[in-house]
Amino acid sequence: RYDSSKKKYVKIGSTKKLSYTNKKLKSGKKYTCMVKAYTKINGVVYRGKGVKFYASTNPVKVKSLKVSSSKAKTAALSWNKVANATGYEVYRATSKNGKYTKAATISKGKTVKYTNSKLKSGKTYFYKVRAVIKTDSGIFKGSFSDIKSVKVK
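For the sequence shown, the numbering used here assigns the number 19 to the initial residue and increments by one for each residue that follows.
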């Protein structure tokens, strides 16, 4: 795995299997990794060139979700930025324990606001948000924020 403080790759393990589990990683962090095949012949170790890839752990929980309604038929959401997030998913329901559907996918990690429009005046809506980290290895989704509600004007 690449160690930015040492500015080089550091060996973190070895296995004869085709998989390896790296434990004790930090939440919401991206990692640059490399896998190299090797063989030992007559006491001499031969290593392949290696394949670089990127991996991530699930992002931390979104905190400080705020929801308000100051304009007719809209709900304005804001939350704290999650480190290394590449985006967010916003979910909405019409009751706290009801079925939540995705209201929006935000594809920029710096965007920590969303305005939900075309809602019904006088109705209460419930929201939750989670951070997403997208890498070459896949999409990693964090835990949902605490649920917040708003009665729409």
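It is worth saying that the hints were derived from the structure and are not from the lab.
Being a predicted model, the structure only gives us computed values, none of them experimental.
It cannot be assumed that every hint is accurate.
Think about it this way: if two alpha-carbon atoms lie no more than 27 Å apart in a straight line, the pair counts; the simulated DSSO-like pairs of lysine-lysine are [claimed, not checked]:
(1) Lys131 x Lys166
(2) Lys146 x Lys89
(3) Lys54 x Lys25
(4) Lys54 x Lys79
(5) Lys79 x Lys29
(6) Lys99 x Lys67
(7) Lys114 x Lys141
Consistency of the hints with the structure:
| no. | hint | verdict |
| --- | --- | --- |
| 1 | Lys131 x Lys166 | holds (14 Å) |
| 2 | Lys146 x Lys89 | holds (20 Å) |
| 3 | Lys54 x Lys25 | holds (18 Å) |
| 4 | Lys54 x Lys79 | violated (34 Å) |
| 5 | Lys79 x Lys29 | violated (30 Å) |
| 6 | Lys99 x Lys67 | violated (38 Å) |
| 7 | Lys114 x Lys141 | holds (13 Å) |
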